[in-house]
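2 protein chains.
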Amino acid sequence: MENINSSSEGKTFRVRKLELSDKSKGFIELLRQLTVCDSVSDKEFEDRFKEISMYGDDHVICVIEDETSGKIIASGSVFIEKKFIRSCGKVGHIEDVVVDAGARGMQLGKKIVEFLADHAHSMGCYKVILDCSDENKVFYEKCGFKKKEIQMVKYFI
Amino acid sequence: MENINSSSEGKTFRVRKLELSDKSKGFIELLRQLTVCDSVSDKEFEDRFKEISMYGDDHVICVIEDETSGKIIASGSVFIEKKFIRSCGKVGHIEDVVVDAGARGMQLGKKIVEFLADHAHSMGCYKVILDCSDENKVFYEKCGFKKKEIQMVKYFI
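Chains as they are written, first to last, in full-length UniProt numbering: chain A, 1 to 157; chain B, 1 to 157.
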């Protein structure tokens, strides 16, 4: 009998919220696969972790840990924006979705995005949005997203 | 001598933060020019106003009031997202920029966007981003923005 989980070697992956101890499990190294992320001291990490935690369910960072290696292999975040439009509606903003280069092809990115979108939905958001490159459009379409607008940016550095 | 402010009939327009009393000055009616915005009760408005105020400088809504008519004629918001990437960097997200249809051509939109971008800069953000339609690309380029990514959306309603 074939193992239907062959691509993930029979492993099951659980999405959970970021914990302070994840810094020592390669969380920052994982983010480096996404963009520039210089070394962060334990103090800086703890301070930022506490700042974000203060928002409670309004700003959630989730991760997937490979229980075998003890490494964080996927992550993403969502924050809930409170508006006046749409009768005081709320919008979820997904940011910084990343899967470790060595853990691709196991649908971990989809798991992360679904976790974040479900969270936004449960918080009463009428929609969830994200910005991505053209190359990632197909991936997000598989997650149930559609292209809508364009993103504009102004850098200060 | 010509009046260089002729387009605005000599009026000067000041950008200030949203106040609770702006509901009675047509703030919700202005937002309706942007998107769906059903009527909001005074209680709902006050509750949402307080929720947003709790974020202090991390979520600012600004407006321009026409001092002659006592009406809010332009608005926009920015919130500051705290990240781990970019060495615990911050990003400003501009949302819901709108100028009253009867007050176009006086650079009020530019004033609003500059106020919001300056705020993000002063809060230590390394960049400020926003999503817009293709039609508004030129306007935001005049405000110093460049097109970067695409926006994807998933609706829950």
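Be aware that a few hints might be false.
What the hints assert, rightly or not - Distance condition first, Cα-Cα at most 25 Å in a straight line; then the derived SDA-like pairs of lysine to any residue:
{"#": "1", "chain 1": "A", "residue 1": "50", "chain 2": "B", "residue 2": "87"}
{"#": "2", "chain 1": "A", "residue 1": "90", "chain 2": "B", "residue 2": "87"}
{"#": "3", "chain 1": "A", "residue 1": "137", "chain 2": "A", "residue 2": "88"}
{"#": "4", "chain 1": "A", "residue 1": "111", "chain 2": "A", "residue 2": "142"}
{"#": "5", "chain 1": "A", "residue 1": "17", "chain 2": "B", "residue 2": "46"}
{"#": "6", "chain 1": "B", "residue 1": "148", "chain 2": "A", "residue 2": "54"}
{"#": "7", "chain 1": "A", "residue 1": "50", "chain 2": "B", "residue 2": "50"}
{"#": "8", "chain 1": "B", "residue 1": "127", "chain 2": "A", "residue 2": "40"}
{"#": "9", "chain 1": "A", "residue 1": "147", "chain 2": "A", "residue 2": "34"}
{"#": "10", "chain 1": "A", "residue 1": "23", "chain 2": "B", "residue 2": "148"}
{"#": "11", "chain 1": "A", "residue 1": "147", "chain 2": "B", "residue 2": "17"}
{"#": "12", "chain 1": "A", "residue 1": "127", "chain 2": "B", "residue 2": "87"}
{"#": "13", "chain 1": "A", "residue 1": "111", "chain 2": "B", "residue 2": "150"}
{"#": "14", "chain 1": "A", "residue 1": "147", "chain 2": "B", "residue 2": "122"}
{"#": "15", "chain 1": "B", "residue 1": "17", "chain 2": "A", "residue 2": "59"}
{"#": "16", "chain 1": "B", "residue 1": "71", "chain 2": "A", "residue 2": "86"}
{"#": "17", "chain 1": "A", "residue 1": "137", "chain 2": "B", "residue 2": "59"}
{"#": "18", "chain 1": "A", "residue 1": "43", "chain 2": "B", "residue 2": "122"}
{"#": "19", "chain 1": "A", "residue 1": "127", "chain 2": "B", "residue 2": "71"}
{"#": "20", "chain 1": "A", "residue 1": "90", "chain 2": "B", "residue 2": "104"}
{"#": "21", "chain 1": "B", "residue 1": "90", "chain 2": "A", "residue 2": "47"}
{"#": "22", "chain 1": "B", "residue 1": "127", "chain 2": "A", "residue 2": "35"}
{"#": "23", "chain 1": "A", "residue 1": "23", "chain 2": "B", "residue 2": "71"}
{"#": "24", "chain 1": "A", "residue 1": "148", "chain 2": "B", "residue 2": "66"}
{"#": "25", "chain 1": "B", "residue 1": "90", "chain 2": "A", "residue 2": "142"}
{"#": "26", "chain 1": "A", "residue 1": "50", "chain 2": "B", "residue 2": "150"}
{"#": "27", "chain 1": "A", "residue 1": "90", "chain 2": "B", "residue 2": "49"}
For the record, the hints were derived by calculation from the structure and aren't laboratory data.
Hints, verified against the model:
1. Taking the CA atoms of residue 50 of chain A and residue 87 of chain B, the gap is near 15 Å; set against the 25 Å cutoff, the hint holds.
2. At roughly 28 Å between alpha-carbon atoms, residue 90 of chain A and residue 87 of chain B are farther apart than 25 Å, so this suggested pair is violated.
3. Using a Cα cut-off of 25 Å, the hinted pair residue 137 of chain A and residue 88 of chain A is violated, with the two alpha carbons roughly 30 Å apart.
4. Restraint check: the Cα-Cα separation between residue 111 of chain A and residue 142 of chain A comes to about 11 Å, which is no more than 25 Å; the hinted pair holds.
5. Annotation: proposed proximity of residue 17 of chain A to residue 46 of chain B is violated, straight-line Cα distance about 32 Å (limit 25 Å).
6. Using a Cα cut-off of 25 Å, the hinted pair residue 148 of chain B and residue 54 of chain A is violated, with the two alpha carbons roughly 31 Å apart.
7. Distance check on the hinted pair: residue 50 of chain A and residue 50 of chain B sit about 22 Å apart at the alpha-carbon level, within 25 Å; holds.
8. For a cut-off of 25 Å, the pair hint linking residue 127 of chain B to residue 40 of chain A stands: about 19 Å separates their Cα positions.
9. Between residue 147 of chain A and residue 34 of chain A the CA atoms are separated by roughly 21 Å; this keeps the pair inside 25 Å, and the hint holds.
10. Proposed proximity of residue 23 of chain A and residue 148 of chain B is contradicted: the alpha carbons are some 30 Å apart, above 25 Å.
11. A C-alpha spacing of about 32 Å is found between residue 147 of chain A and residue 17 of chain B, which places the hinted pair above 25 Å, so the restraint is violated.
12. Between the alpha carbons of residue 127 of chain A and residue 87 of chain B the distance comes to roughly 29 Å, so the proposed pair goes past 25 Å and is violated.
13. Between residue 111 of chain A and residue 150 of chain B, the direct Cα distance comes to roughly 21 Å. Compliance with the 25 Å bound is thereby established for this hinted pair.
14. Taking the CA atoms of residue 147 of chain A and residue 122 of chain B, the gap is near 32 Å; set against the 25 Å cutoff, the hint is violated.
15. Of the supplied pair hints, the one linking residue 17 of chain B and residue 59 of chain A holds, its CA atoms being roughly 24 Å apart against a limit of 25 Å.
16. Under the criterion of a C-alpha separation no larger than 25 Å, the hint pairing residue 71 of chain B with residue 86 of chain A is consistent with the structure, at around 21 Å.
17. With a C-alpha separation of about 29 Å, the suggested pairing of residue 137 of chain A with residue 59 of chain B is violated against the 25 Å cut-off.
18. A hinted pair counts as satisfied when its Cα atoms are at most 25 Å apart, and residue 43 of chain A with residue 122 of chain B qualifies at roughly 23 Å.
19. As the CA atoms of residue 127 of chain A and residue 71 of chain B are separated by approximately 30 Å, the hinted pair breaks the 25 Å bound.
20. A threshold of 25 Å between alpha carbons decides the hint, and for residue 90 of chain A with residue 104 of chain B the separation of about 28 Å lies outside it, so the pair is violated.
21. Proximity of residue 90 of chain B to residue 47 of chain A is assessed by CA-CA distance (about 14 Å); at most 25 Å being required, the pair is judged to hold.
22. For the hint linking residue 127 of chain B to residue 35 of chain A, the alpha-carbon distance of about 14 Å falls within 25 Å, and the restraint holds.
23. The hinted pair formed by residue 23 of chain A and residue 71 of chain B fails the criterion: a straight-line CA distance of about 50 Å is larger than 25 Å.
24. Restraint check: the Cα-Cα separation between residue 148 of chain A and residue 66 of chain B comes to about 33 Å, which exceeds 25 Å; the hinted pair is violated.
25. Proposed proximity of residue 90 of chain B and residue 142 of chain A is contradicted: the alpha carbons are some 29 Å apart, above 25 Å.
26. Among the hinted pairs, residue 50 of chain A with residue 150 of chain B is inconsistent with the structure: their alpha-carbon atoms are about 31 Å apart, more than 25 Å.
27. Straight-line distance between C-alpha atoms of residue 90 of chain A and residue 49 of chain B comes to about 13 Å, which keeps the hinted pair within the 25 Å bound.
Violated hints for the displayed structure, listed by number in ascending order: 2, 3, 5, 6, 10, 11, 12, 14, 17, 19, 20, 23, 24, 25 and 26.
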